[in-house]
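Model the full structure from these sequences, guided by the hints.
Order-wise, the sequence lines are chains A and B.
Numbering-wise, the first sequence is residues 0 to 419 according to numbering that gives the first Met the number 0.
Numbering-wise, the second sequence is residues 0 to 293 according to numbering that gives the first Met the number 0.
Everything labelled a hint here was simulated from the structure, so no lab data went into it.
All values reported here derive from a predicted model rather than from experimental measurement.
Please note that a few of the clues may not be correct.
Pairs of lysine-lysine, DSS-like flavour, derived with a Cα cap of 25 Å [as the list claims (entries may be wrong)]: (1) Lys28(A) to Lys208(B); (2) Lys234(A) to Lys35(A); (3) Lys289(B) to Lys150(A); (4) Lys190(B) to Lys204(B); (5) Lys274(A) to Lys275(B); (6) Lys356(A) to Lys337(A); (7) Lys174(A) to Lys285(B); (8) Lys24(A) to Lys208(B); (9) Lys210(B) to Lys28(A); (10) Lys63(A) to Lys282(B); (11) Lys285(B) to Lys150(A).
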Amino acid sequence: MNSDQMNQHSGGKIPVNLILSNLAKDAEKARTRVEKASDVLLDELDTQIAATPYETVHQEDRVKLKHYKPEGELKIKTPLLLVYALINRETMLDLQPGKSVVEKFQKSGVNLYMIDWGYPTRKDRYLTIDDHVNGYIGEMVDFIMAREKVKQVNLMGICMGGSFCVMYAALNPGKIKNLITTVTPTHFDTDQGLLHVWMKNLDVDRLLQGYGNMPGDLMNFGFLLLNPARLMIDKYVGFMENIDNKAFVQDFVRMEKWIFDSPDVPGETFRQFIKDCYHKNLLIQNKMVIGGRRIDLKKITMPLLNYYGIYDHLVPPAACEQLTSAVGSKDTQDMSLKTGHIGIYVSSRCQQEFTPKIVKWLMERDQPLKAVRKRTTRKKTAAKAAITKKTAVKKPVTKKTATKKTVSPRKMTKKLKGDQ
Amino acid sequence: MDDKQQTEKDQPFQFDGWMKTSTAFFESMGKMWTDAYKTAGIAPNVRKSEMQESWETGMKTWQSLYSALSDSSSTDNFDKSAAMLPDIVMKMVQNGISGFLNIQNQWLQKAERVGQSTKAYSFENLDQNVFKAWQELYDKEFKQFLNVPQLGLTREYQERMNRLTDQFNQFQSVTAEFLYLLNQPMEKSFKVLQKELGVMADEEKLPDKSKDYYQMWIKILEGHYMKLFQSPEYIQSLSNTLGVLGDFTAARHKMVEDLLQMMPIPTQTDMDELYKEIYLLKKRIKVLEKQNTS
Numbered sequence: 000m001n002s003d004q005m006n007q008h009s010g011g012k013i014p015v016n017l018i019l020s021n022l023a024k025d026a027e028k029a030r031t032r033v034e035k036a037s038d039v040l041l042d043e044l045d046t047q048i049a050a051t052p053y054e055t056v057h058q059e060d061r062v063k064l065k066h067y068k069p070e071g072e073l074k075i076k077t078p079l080l081l082v083y084a085l086i087n088r089e090t091m092l093d094l095q096p097g098k099s100v101v102e103k104f105q106k107s108g109v110n111l112y113m114i115d116w117g118y119p120t121r122k123d124r125y126l127t128i129d130d131h132v133n134g135y136i137g138e139m140v141d142f143i144m145a146r147e148k149v150k151q152v153n154l155m156g157i158c159m160g161g162s163f164c165v166m167y168a169a170l171n172p173g174k175i176k177n178l179i180t181t182v183t184p185t186h187f188d189t190d191q192g193l194l195h196v197w198m199k200n201l202d203v204d205r206l207l208q209g210y211g212n213m214p215g216d217l218m219n220f221g222f223l224l225l226n227p228a229r230l231m232i233d234k235y236v237g238f239m240e241n242i243d244n245k246a247f248v249q250d251f252v253r254m255e256k257w258i259f260d261s262p263d264v265p266g267e268t269f270r271q272f273i274k275d276c277y278h279k280n281l282l283i284q285n286k287m288v289i290g291g292r293r294i295d296l297k298k299i300t301m302p303l304l305n306y307y308g309i310y311d312h313l314v315p316p317a318a319c320e321q322l323t324s325a326v327g328s329k330d331t332q333d334m335s336l337k338t339g340h341i342g343i344y345v346s347s348r349c350q351q352e353f354t355p356k357i358v359k360w361l362m363e364r365d366q367p368l369k370a371v372r373k374r375t376t377r378k379k380t381a382a383k384a385a386i387t388k389k390t391a392v393k394k395p396v397t398k399k400t401a402t403k404k405t406v407s408p409r410k411m412t413k414k415l416k417g418d419q
Numbered sequence: 000m001d002d003k004q005q006t007e008k009d010q011p012f013q014f015d016g017w018m019k020t021s022t023a024f025f026e027s028m029g030k031m032w033t034d035a036y037k038t039a040g041i042a043p044n045v046r047k048s049e050m051q052e053s054w055e056t057g058m059k060t061w062q063s064l065y066s067a068l069s070d071s072s073s074t075d076n077f078d079k080s081a082a083m084l085p086d087i088v089m090k091m092v093q094n095g096i097s098g099f100l101n102i103q104n105q106w107l108q109k110a111e112r113v114g115q116s117t118k119a120y121s122f123e124n125l126d127q128n129v130f131k132a133w134q135e136l137y138d139k140e141f142k143q144f145l146n147v148p149q150l151g152l153t154r155e156y157q158e159r160m161n162r163l164t165d166q167f168n169q170f171q172s173v174t175a176e177f178l179y180l181l182n183q184p185m186e187k188s189f190k191v192l193q194k195e196l197g198v199m200a201d202e203e204k205l206p207d208k209s210k211d212y213y214q215m216w217i218k219i220l221e222g223h224y225m226k227l228f229q230s231p232e233y234i235q236s237l238s239n240t241l242g243v244l245g246d247f248t249a250a251r252h253k254m255v256e257d258l259l260q261m262m263p264i265p266t267q268t269d270m271d272e273l274y275k276e277i278y279l280l281k282k283r284i285k286v287l288e289k290q291n292t293s
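Structure, rendered in structure tokens:
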């Protein structure tokens, strides 16, 4: 039966001839692709991650402090400390030359430090959030201040690392000049993200009794289950379609290297994070206690820049955006980008605005205190106008909007959307 | 069946003859033993070996039993019992088969229900009864045997082994349910795709590129997963699976520790105790260091 006969056979509704000819073309393309793929895969591939040169300047247990010397002129006097999450590794910020957050900071004249949490083992199972926040982060901050002979550092946190930075800044406001939180959960009582829904029902004690630490592979499996259609099927279909493209393959393998490089999370830290944050939502309510000290977000009085992704399914906007109104700082700013959890750091589009914006924001605040005060006053006026405009819009008063209205008009809360 | 076979079948069980033959055999065995002593030149007054004494005691008991059973009424009873034996065995087998068929029937009914189609993009009230039925069956019929109190020196080891078996079964059960749920979007997405393609074919709007079909399917699949993941059934199943995984892992570790204790290898509990001591000591040292420097 030829294709015309097939068309007739199907009543002419299905373009069988066209479908078959396209299938034949696809098959031919696939054959050529596979031929080329073997050349690509057998060739030497550059898939190294974390290639930006650094020096390990300090180490406490398994936790290392990496120092990236600024290239050229130092533009921001205060050193910046990056704190990554305990889930996955900080190498995500330095995936590939040319598309590296770390490299961009370095080239922008930022004196950059970054914590490498290493790989916790069974012996680390008793480490609590307090040990990470007041212990390791505190130790690194003190070390940087002594090394650089400064009285304050800039602190930037990523995801869970951001939550740790919020805790540290609230407990040690005098040591932090500026605080930057990126995709940082602080309000956990939301049903916006699947992770939040699932974590509410997790019996963390039962899980940890067998494992001690929270296994990285188990967490990764959980993350894959957040969207199996895309993360377990479509992603690899995409890979097969581009398997003859060396640059694509290299990027893909780099991402795979990072995504499945998952250290275990110390058991007690994981337990406390799930119970105090996901189950009880204590942090945003100023009720969380670590090391015997209550975390009062109103003590965060330094400037705060809060970045999050609109399409983030792990830490949704609802989990991030309440922070700016909960802190005591008068200089706060929410920044949302039209991307997901990882896109903020790795997508080419976001990279063009993410790091430069942070550098600019830090430079504006890396001045003598007098100048900062003047600028804050100017922005406060702008904020007043914005809030007045907001309240003029008639909206049904929900609990959330009511909370927003209670925000002091003195606050500098400026929401900039990603498309702006 | 020939006449000879029929005659043999009609004859009652020759219990008396069998007893006589057995007794004669064991008596001659005992005699052989005594003769062997004599041949070896061992005096009859020399103390008998323990084994020979046991043998002779056993023979005496056997002979008493024989005389009791040789009584005509006992023989009759025995014959009757022997005749009833096939009936008893048959009844036991029948009960067993009937129970098994009952379970099988329940399973088949449940399996049928699993096969029944559920609405697309809907994961509420999914028939997970088959898993619940298995769980109930396991809890009522099997688990109780694993909970029977163990006795004696190896009591604790046996209890840990039973606990591991129990946890393994629980884990298998909840994992099966979890995997069943995860598979649902796959099945449903293909059905929805077929329907959509039917509609498109009717409207003469079928895509001509294979990639378009794939894109359609992956979107449908993603939608189904998103819906599933928010359903209370899935959330409960995920929570159960992780909880039971933790229980099973803990039970397995305990079992491994029993084996390790026999070898000069520290167990995880030993190491955890050590880790905790190190952790606490390090904290104390840090506090002391700070006090010293300030």
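Hint-by-hint comparison with the structure:
1. Lys28(A) to Lys208(B): Within the cut-off at roughly 13 Å; holds.
2. Lys234(A) to Lys35(A): holds, 20 Å
3. Lys289(B) to Lys150(A): At roughly 19 Å apart (the allowed maximum being 25 Å), Lys150(A) and Lys289(B) satisfy the hint.
4. Lys190(B) to Lys204(B): holds, 19 Å
5. Lys274(A) to Lys275(B): Within the cut-off at roughly 21 Å; holds.
6. Lys356(A) to Lys337(A): holds, 15 Å
7. Lys174(A) to Lys285(B): The hint holds at about 20 Å.
8. Lys24(A) to Lys208(B): Holds - the C-alpha atoms of Lys208(B) and Lys24(A) are around 10 Å apart, at most 25 Å.
9. Lys210(B) to Lys28(A): holds, 13 Å
10. Lys63(A) to Lys282(B): Status holds; Cα separation ~19 Å.
11. Lys285(B) to Lys150(A): With Cα atoms ~22 Å apart, Lys285(B) and Lys150(A) stay inside 25 Å; holds.
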